[in-house]
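J.: Below, each chain spelled out in residue letters.
Protein chains: 2
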Amino acid sequence: MCVMQTLIKECLKGVPPEVEVVARDEGLSPRQAARAITRGRITVAANPRRPHRLSAIGEGCRIKVNVNIGTSGERCDPALEIRKAQAALENGADTLMDLSTGGDLPAMRKAILALDVPVGTVPIYEAVRRAGNAAEVTSDLLFNVIREHCRQGVDFLTLHCGVNQAAFSALRLDPRVMGVVSRGGAFHVAMMAATGEENPLYSEYDYLLEILSEADVVASLGDGMRPGCLYDAERLAKVTEYVTLGGLAKRALAAGVQRFIEGPGHMPLDQVGYNVQMLKEVSDGAPLYLLGPLVTDVAPGYDHVVGAMGFAVAAMHGADFFCMVSPAEHLALPDIDDIVEGTRVAKITAHAGDIVRFGAGAHARADLKMAEARRRLNWEEQFKAAMYGEHARTIHERDGDLETCSMCGDLCAVKMVRDILGEREK
Amino acid sequence: MCVMQTLIKECLKGVPPEVEVVARDEGLSPRQAARAITRGRITVAANPRRPHRLSAIGEGCRIKVNVNIGTSGERCDPALEIRKAQAALENGADTLMDLSTGGDLPAMRKAILALDVPVGTVPIYEAVRRAGNAAEVTSDLLFNVIREHCRQGVDFLTLHCGVNQAAFSALRLDPRVMGVVSRGGAFHVAMMAATGEENPLYSEYDYLLEILSEADVVASLGDGMRPGCLYDAERLAKVTEYVTLGGLAKRALAAGVQRFIEGPGHMPLDQVGYNVQMLKEVSDGAPLYLLGPLVTDVAPGYDHVVGAMGFAVAAMHGADFFCMVSPAEHLALPDIDDIVEGTRVAKITAHAGDIVRFGAGAHARADLKMAEARRRLNWEEQFKAAMYGEHARTIHERDGDLETCSMCGDLCAVKMVRDILGEREK
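Here the protein sequences line up with chains A and B, keeping their order.
Heads up, the final residue of the first sequence is numbered 426 in the UniProt record's numbering, and it's a clean run with no missing numbers.
Heads up, the final residue of the second sequence is numbered 426 in the UniProt record's numbering, and it's a clean run with no missing numbers.
Just chain A, same shape as in the assembly:
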């Protein structure tokens, strides 16, 4: 097998072209970006087999948004999933994950991989499909699927390496209402329960790292034990997995394999900050990919907003990468409208986080542009400055073509005080 150089190893010697590109995008110096990659603080998922638009994730980079698409056994329409993927990209998704479990999985993946975006997958899903059920999945089968995904051009793989016997014991010692809500996590629990053996992704982690190193594919260290409800947030399985993932992140870096860490899950607002800090601590500041956090369980249909609240606090504490939550979360496979709404809300949250991350930089300047347009009551400029301007235009124009807006009309405060104070003095 031809042993390739991983991006980390190339960065130890100089600045590879991929890093030049992402450094420019992020406003970092190329050497600074390369150094952050070698220290495992920035991850660039870029399978060398498949050139595409790049997205750097981590320290000093804009917060990125992933959108999940994919068929299920109950709703399997590959063409629809591709349209969803396109809708996600049109609304600003930085990466896509194909979570398909229904239909022709390699064909579905091929179609997603034809898009110009970093793509992630969860190999255990396909291993279970092929074996018939989780209990029948062998380590050989799983590693073969992982190799196939790497060869096909997938950029990052969610690998539930932390769902090990220690986490399983914690789950029994300190029971949770929702058990396991990660589909991949549940598959690994089922494998361990059936065989009594260790999760091969954990026991054969060095071998896994060899595969990933050879293919230069990124490990997304999966949070199979993420809490599925507020009550479960303080149970031991979660932190047991944190500690494991931290150690695995260090081992990956030492092996020259790029990785990020997946984080929870459901938890109250006031736990989000320290959970982010804890994950950053155990992993030496590895890029953090958040699923949630969902800060209440009782708002199905509005979980995109519930996620925005959790993301916002997580962003303040250093989270780097958000997995979009759609309004259909907990209820159904999202449709295109759900994908659009969820992607927009996640991107808006990421922007609000970037304002904190970068202070009075480029992101704050985008907001200042909007303020200036509002001061001038220039609607066209406002729609241009808006993240989703056509949506804003639709709302504004439903009451006709007004200089002010139908909220205050002639009693517009901005207009009144602008006339008193005159043009802005500075």
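Just so you know, the hints here were simulated from the structure itself, not pulled from any lab data.
Please note that the accuracy of each hint is not assured.
For chains that are exact copies, the list does not tell them apart, and a pair is met inside one copy or across any two.
Said to hold, decoys possible - Below, simulated DMTMM-like cross-link-like pairs (lysine to aspartate or glutamate); rule was C-alpha separation at most 20 Å, straight line:
# : residue 1 : residue 2
1 : K384      : E234
2 : K369      : E234
3 : K13       : E214
4 : K415      : E74
5 : K250      : D419
6 : K9        : D284
For this one, chain A is given, so just place chain B on it according to the hints.
T.: For chain B alone, kept in the frame of chain A given last:
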């Protein structure tokens, strides 16, 4: 004029019946609630002229949500505004404010006051309407309107007492892009600019307190200087007004007049916490009523979500009362759908905040109920446990009547691990 006892004064002597009611609602002891009212930590807006459902706001109480309705010159359909008010109440609004500026203002107010809910108004709007423009408003006219609102049964009045010459100077010393975005604030600036005199609500504050004390009506100390964009958040006008409002809150309490403080506005996520703390500090922990905070300027059409992020952080730091932000904010007068969406999102945020405020209390138990229903895959129970269950049902049922959901189908993680671990051990 018949001098009535204010609720604060009654609480100094015992526990009035209104306080018995709200204490029961909030799970507080009646004496504890009465004491918190006398210390100005809880406000109960309950105009004695108009009995209605009560809502306590402040320390130890659930976070409450206000919804603004009202006509404008450009869109004046009183029947529609009443339907909006009803939609807000059906979705959980705790209070309403009538911000009408178009049409027959007393008639509109009468219709809102017929609803079973605490109602707030902004008397300066009507004063300006009657005078023709802000520069013509006299202090006599303004105080007359205030008295009329009190007599008509309004429970709380937004009074921009902090928009004084000091704030006006700060505005000139440290200019802002958006100037003044509070409509009431702008009116007072216009009055001061025209006359060169002090804002009568500030210079004649003792007289104002007499009126409010006689009527036992609550002062909502308005934040006329709230920043209207992220850039303006760090300008001096905002904190100048904070300091003034803190002093006025103390004077109101000393006069036996209940009050809460209105807070900003637009600001980055990481400024929300200390702004809330600062407002609580200067006002000796007065209940805090937040307009926003909006944590980015560039998401018109999604400002309900932007508000949810700001509210979430504010809730963690002690904010008590949220003013709903609708998706039409900055663009148009909200329609019924906007009111429904904005009210739901605000109520969900308030619930997420209550979970932090009350720890493992009643609010966390509501979430646990949902988790238990999810574990059992009992959809009817889930819809019952959900804040907006019929909306959730619509999404779930679009793919037919499934035991699991169309997201994972047979590969439901919860089902899988539940079968492995057996029923919950505790």
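J.: Compare the structure with each hint and give your call.
T.: Now the hints, each set against the structure:
| no. | hint | verdict |
| --- | --- | --- |
| 1 | K384 <-> E234 | neither (44 Å within a copy, 25 Å between copies) |
| 2 | K369 <-> E234 | between (43 Å within a copy, 17 Å between copies) |
| 3 | K13 <-> E214 | within (18 Å within a copy, 79 Å between copies) |
| 4 | K415 <-> E74 | between (55 Å within a copy, 16 Å between copies) |
| 5 | K250 <-> D419 | neither (60 Å within a copy, 34 Å between copies) |
| 6 | K9 <-> D284 | within (18 Å within a copy, 58 Å between copies) |
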